[in-house]
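For reference, the chains in residue letters:
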Amino acid sequence: MRLSIVNSLDSKILIFQGVIYFNFESILSIIIRQQFPPERSPTVKVTVSQQQLAHGLSLVSRAVAPRSTLPVLANILVATDEGRVRLSATNLELGISCWIGGQIAEEGAITVPARTLSDLVNTLPNDPVLLELNPKNQVLNVRCGTSITDIKGIDAQEYPPIPVPDLADGLELNVSDFKEMIQQVVFAVSTDEARPVLQGVQMSVNGTFITMAATDGYRVSVRKAELEHPAASPFSIIIPARALSELARIASDGDQKIVMVTPPGRGQVLFHLRDAELVSSLIEGNFPPYDKIIPTSFKTKTILSTAEFLKSCRQAEIIARDGNNIVRLDIQPAVEGAPGVVEISAQSEETGFSEIKLAANVEGPGLLIAFNVRFLREVLDVMKSPNIVLQTNANNTPGLLQQTGDDSFIHVIMPMHLG
Amino acid sequence: MPMAQAQKLAPALLVLPPDFEAYSQASDQVMAILEDLSPLVEQVSVDEAFIDVSDLPDDPGVIAARLQARINQETRLPCSLGVAANKLVAKVANDYGKGSRKGLDYPNAITVVPPGEEAAFLAPLPVQMLWGVGKKTAARLKTLGIETIGQLADAPAGLLGAHYGKWAADMQRHARGISDSPIVLSHTLKSISNETTYDKDIGDIDEVLHTVRWLSDKVGYRLRKHHFCAGTIRIKLRWSDFTTITRQVALAEPTNHNSVIYDTAAGLLRAAWQRGRKVRLIGVGSSNLQEPAVQMSLFDPGQDKETKLLNALDELREKYGKKVIQRGREVGRQSAFEEEEEE
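Chains as they are written, first to last, in the numbering used here: chain Z, 1 to 419; chain P, 1 to 343.
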C-alpha cells in the first residue's frame, strides 16, 4: 500500500508545485488522503485514574516485544471496550490484556510505544488522566494535572487481532489453588532452548483431576489437584513456563476464578480473569514420560524442618555457588538415644568450606548423597508444610521430596555424581 | 655452630655458598614425585613431607621402598622414610631410622611400624623423640622419673596432670602412639598446564592445532588423575620473536574432557592467530580447579560416552604406559617435542 504512494509521488508533487510551503510530510499526507479518501477514523477520548492506568500498563508491558521486526509489537493497544478501557500487548507467543474503568467520551483505538507511555504515566501525579487521540496524525494526547504530552502512535488497524474467547466451554480454576500449583512446578522447567518441550509445563486434565508437571531432565516437579467441575473431555497440553509465571503474577486472589479455554485447532490456551486475559501459544511435542522415573519404594526416609533445611541450603549455597553447586547430605540415623542427624556440607576450592548439622528423624540406613544445592533450595522455597520428607535409596538414584502428610505435590531430584 | 668457629675447629673445611634456589628446585622436584604418588601430600618444610597412602592398593612398606628408589634415581638425593598408621608415629619412625644408621654414608633408611605395634615401638625410645617434647619438657619429665616414651605412657595420669594440666592427656595418648591428626594439604593445585617448544618455529596453524590437541589430551589426563575439573582454559603462545601472550576463557561447566579442553583452546588459538607469524612455543593450561561432579540425568542415567572412553583410556595408560594408546596422527611424533609440565 505504501509502495503505491511512493510510486505515484512524482506526478502528485507536480500538482502541488504552486504551494511549495507544504513540507514533504504534509504533502504526503495530502497525497494519501487524496488517493485513499479516509473513512472517518475513530478517535479515543477517555479519562482514567493514573493509578489504575499505571497498574494496567505494568501488567501488560511484560508481553511487549521491544525489539521485534514488527514495530507495532513494541506498542501497547489502548482501546475502548464495552464501557471500559482495554490495554493489550503481545509478542505473538504471549498476549496479555487488562481492562480498567474510565469515563469514555469517544470510542476508538490506538497503539503507542509501551515504554514511552509506561514511563510517562509512572511520573504523573495521582490525578485523572485524559487520553485523547488525534485521528488525523495518530498522536495520543495525554493530559494529567498541568502536564500535556503528545505521543506518536501507530494505527490500531496494524495491531495483530486479539482472539475473543468462547468462555462457555472453559475450565474453571480456583485462583489461589492454581497459583500455588504454578509456583510449585514452574521453577523446574529447563532453560535449554534446544529442548522447547522442557521449557513448558505439562497440564493434564481428566474429569476433575488436574496434574501439572515440569522437568529439566534433572528434576521433576508434579502437582495434582481436584477441580470443582469436571472437564468435558480429557486433554493434555504443554504451556510455556513464561506464560504461567506471568499468569500467576497478574492473577490477584480477588479474582477468585480463572476460566481456561483451549480453542480447538489454534494451538493456543487462553486464561480469562475478571479484569485481565492472557493468551499463549502452546508447545508442540511429546513431554517426557516422567511417571516412569519416579521411584515407588525407598530405603531411607528422612523428616526435616522445612525452614531449617531451607536455611541450611541457603547457607551452604553461599560456599557452593562458586564451585560446582554441590552440597553433600550425610544422613545419619539415630544411634543409642542420640537423634538422627543430617550434615549438610559444601566445599569450594575458591571460597571455602561449610558444614551445618540438622536434627532429623531418619528411618532406614544412613546415606551420603550429593545434590545441586540450587535444586534443593528452589523446591524447599515452595514447600508449604512445616516439615518435609526426603526419601532416598542410593547416592546414584533419584531422591524424592514431599510435604509431610500430603501426596499432592512430589518433587524428584537426581543426585550429583562425584567423579 | 657459627661458621667462624667451625673454621677454627677444622681449618681444612670446604665452605660452599648457600644456594637456596637449588634447594628449592630440588625440593620441588621431590615434592612433584610425592604428588605423583598421591594427591594427599602435606609438605612440612623444604625437605619433609607426609603422604597419605591409605587409598593405594600396595603394602605401605613396598610403596616406601619404591618411592625411595625413584627419588634416589631421579634426583640423585638420599632420603629416609618412616611408615606408620599415623603422622606422629611415622615421624618418630623416620627419625629413629635415620638415627640408627651410623657411618659416613647417608642413612637412606626406611622404618616400618606395623599398625597395632605403635606403643611397643615407641616404648624404649627417649621422650625427646616424641613430637612436641622439647629439651625443657624432657628435663622436667626426668625429674618425675620419666625418661622413655614407655614410661610416659604408663605414668599415672594424676601425676602428669598436676604438672601439665590438659596437655598431659594428649602427651600420654601420643606416647601410646595414638594420634588422629589428618594430612593437611599444604600444596593445593592451582592449575595444570602443559607446553611445548618447537625445534623449528611453526607458521602453519594446523600444525599448531595438532600440538594443541595433543597438549589438551595431556592436560585432561592430568586433571582426571588428580580428580579435578577445570573451570578456566587458557593457552600460552610464544611467537618466534619471543613475545608471549596468554589468552583464557571461563567455561560454562567445569570439565576434564579432552574434547572440551581442545575445542576451547583451539578457539583461543584461532582468535589469537596472526597470519605470517611463526610460533616457538605453545601451551594449554587449566585453572579454577574443582572437584569433578556431574549432575546425573533422570531420563538417561549413567555416564556419558566421552567419560567412559576417557576412563578406559586412562586405565590403559596407567597399566601399560602413556604411549600404549595414541591418536593415529601422533604415533612416532612426540619425540619431536620438548615438553614441560607446570603446576
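Careful: at least some of the hints might be erroneous.
Stated by the list, open to error - So the derived list for chain Z, only partly shown, Cβ under 10 Å to chain P, looks like this: (1) Gln-138; (2) Phe-235; (3) Lys-292; (4) Glu-350; (5) Leu-368; (6) Phe-371; (7) Met-414.
Don't read these hints as lab results, they were simulated from the structure.
Glycine included, C-beta positions come from ideal geometry on N, C-alpha and C.
Taking the hints in turn, this is what the structure says about them:
1. Gln-138: This interface hint is violated because 46 Å lies over the 10 Å limit.
2. Phe-235: Nearest chain P Cβ about 24 Å off; hint violated.
3. Lys-292: holds (9 Å)
4. Glu-350: This hint holds: Glu-350(Z) lies near chain P, its Cβ roughly 7 Å from the closest one there, short of 10 Å.
5. Leu-368: Nearest chain P Cβ about 14 Å off; hint violated.
6. Phe-371: Result: holds, 9 Å to nearest chain P Cβ.
7. Met-414: holds (5 Å)
The structure fails to meet hints 1, 2 and 5 from the earlier list, while all remaining hints are met.
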